[in-house]
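Student: Using the sequences plus the hints, can you model the full thing?
First to last, the sequence lines map onto chains D and U. Residue numbers for the first sequence follow my numbering, so the first one is 107 and each next one is one higher. Residue numbers for the second sequence follow my numbering, so the first one is 857 and each next one is one higher.
Simulated from the structure, these hints should not be mistaken for lab results. Be careful, since some hints might not be right.
Stated by the list, open to error - What the simulated footprint calls covered on chain U by chain D, stretch by stretch (three residues with Cβ under 8 angstroms from a Cβ of chain D suffice, anywhere in the stretch; the number is not a length):
#, region
1, 871 to 882
2, 894 to 908
3, 979 to 990
Said to hold, decoys possible - Dumping the calculated DSS-like pairs for lysine-lysine here, alpha-carbon to alpha-carbon at most 30 angstroms:
#, chain 1, residue 1, chain 2, residue 2
4, D, Lys178, U, Lys982
5, D, Lys173, D, Lys147
6, U, Lys971, D, Lys147
7, U, Lys971, D, Lys173
8, U, Lys982, D, Lys173
9, D, Lys147, D, Lys178
To be verified - On the chain D side, residues computed to face chain U include the following (Cβ under 7 angstroms):
#, residue
10, Asp128
11, Gly188
12, Asn189
13, Val191
Note that CB positions come from ideal geometry on N, CA and C, so glycine has one too.
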Amino acid sequence: MAIQYEDVNDDIRRIYLRGRLDTAGSEQIATEFAALAESAKRGVVVNLSDVTFLSSMGIRALIASAKAQQAKGGRMVLHVGGNDVVARTLEATGIDELIPTFDDEADAERALLD
Amino acid sequence: MSSSATQPPAELMIRGDTWDARRASTWLASVALAQSVPAAHIVRLDHCLDEALANVIAHGGPTALASPVRLQFSVRRSQDICTAELSVADAGVPFDASAGPPGSTPRPASLAEAKPEGLGLLMIRKFSDELSYRRSEGHNHLTITVSWTEAA
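Tutor: Have a look at this one:
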């Protein structure tokens, strides 16, 4: 499991997750992911296009960070980039209705600025 | 109607920890692929396995963590209907993951209401076609069934 980030500008941070976000993988990145999301100023795009598996533990990490963003007046959105495995999991659990989810990165970033 | 298991059940014993759960996933993919289970259904089984093992590890108690978890996998074909069965047997506290109909875990209406409890069970119910549970000789036996139609 790999995690990287990039600050697009003062407002938007992209966090890239890659690999298997199963129970073990989620535990591996949970602390760093939470810290990166928490320290973003206004909005976070979590890029899940290279995630090969998304477990409930991974979803918990997404929910916790999305809530933390919301609590400080920011937003978090998900960019799945046509990743059907991840999109199906988000849909099956209803998370795509709680955290805005986009196929296109530009749409995801625009949603943060609305 | 003829019904047959193309191979005897494959079996794996693992420890109750998250890294062995990953080893179990690799094993599942290997044995399912060897029995020509389509990739989309391997993913469904993989979700169920990861969540079932996560549940054993988090809630099974000390006995579950100290005892091996036994996995069995088989595929049965009856004409064009295929059924994969994955069984998870653990020595943890009694717990019936099959209780309640699929989708019975209510979905939160908003992010603020979203709680992590029950998400794993929701996923097991969503990704499986059938679940069965029995408790015998101090073990939970959860059987996860996924079915599909084989293209002619």
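Student: So is the region 871 to 882 of chain U in contact with chain D by the C-beta rule, three or more residues under 8 angstroms, or is the coverage claim wrong?
Tutor: holds (count 5)
Student: Between the alpha carbons of Lys971 (chain U) and Lys147 (chain D), is the straight-line distance 30 angstroms or under?
Tutor: 25 angstroms, holds
Student: Given a cut of 7 angstroms on the nearest C-beta pair, is the interface hint for Asn189 (chain D) held or broken against chain U?
Tutor: This hint is violated: Asn189 (chain D) lies away from chain U, its Cβ roughly 12 angstroms from the closest one there, beyond 7 angstroms.
Student: Would you settle whether the hint for Asp128 (chain D) is holds or violated, based on the nearest Cβ-Cβ distance to chain U being less than 7 angstroms?
Tutor: 5 angstroms, holds
Student: Given the hint that Lys982 (chain U) pairs with Lys173 (chain D), does the C-alpha gap stay at or below 30 angstroms?
Tutor: 25 angstroms, holds
Student: Given Gly188 (chain D) as an interface hint, is its Cβ closer than 7 angstroms to any Cβ of chain U?
Tutor: With a minimum Cβ separation of about 16 angstroms from chain U (threshold 7 angstroms), the hint on Gly188 (chain D) is violated.
Student: Sort out whether Lys147 (chain D) lies within 30 angstroms of Lys173 (chain D), counting only the CA atoms.
Tutor: Within the cut-off at roughly 14 angstroms; holds.
Student: Minimum Cβ distance from Val191 (chain D) to chain U below 7 angstroms?
Tutor: 6 angstroms, holds
Student: Within 30 angstroms, alpha carbon to alpha carbon, are Lys178 (chain D) and Lys982 (chain U)?
Tutor: 33 angstroms, violated
Student: Assess, step by step, whether the Cα of Lys971 (chain U) is no farther than 30 angstroms from the Cα of Lys173 (chain D), and give holds or violated.
Tutor: Holds - the C-alpha atoms of Lys173 (chain D) and Lys971 (chain U) are around 11 angstroms apart, at most 30 angstroms.
Student: Measure nothing beyond the straight line between the CA atoms of Lys147 (chain D) and Lys178 (chain D); if it is 30 angstroms or shorter, mark the hint as holding.
Tutor: 9 angstroms, holds
Student: Using a Cβ cutoff of 8 angstroms, are there at least 3 residues of the region 894 to 908 of chain U near chain D, or does the coverage claim fail?
Tutor: holds (count 5)
Of the hints listed earlier, those the structure fails to meet are numbers 4, 11, 12, in rising order.
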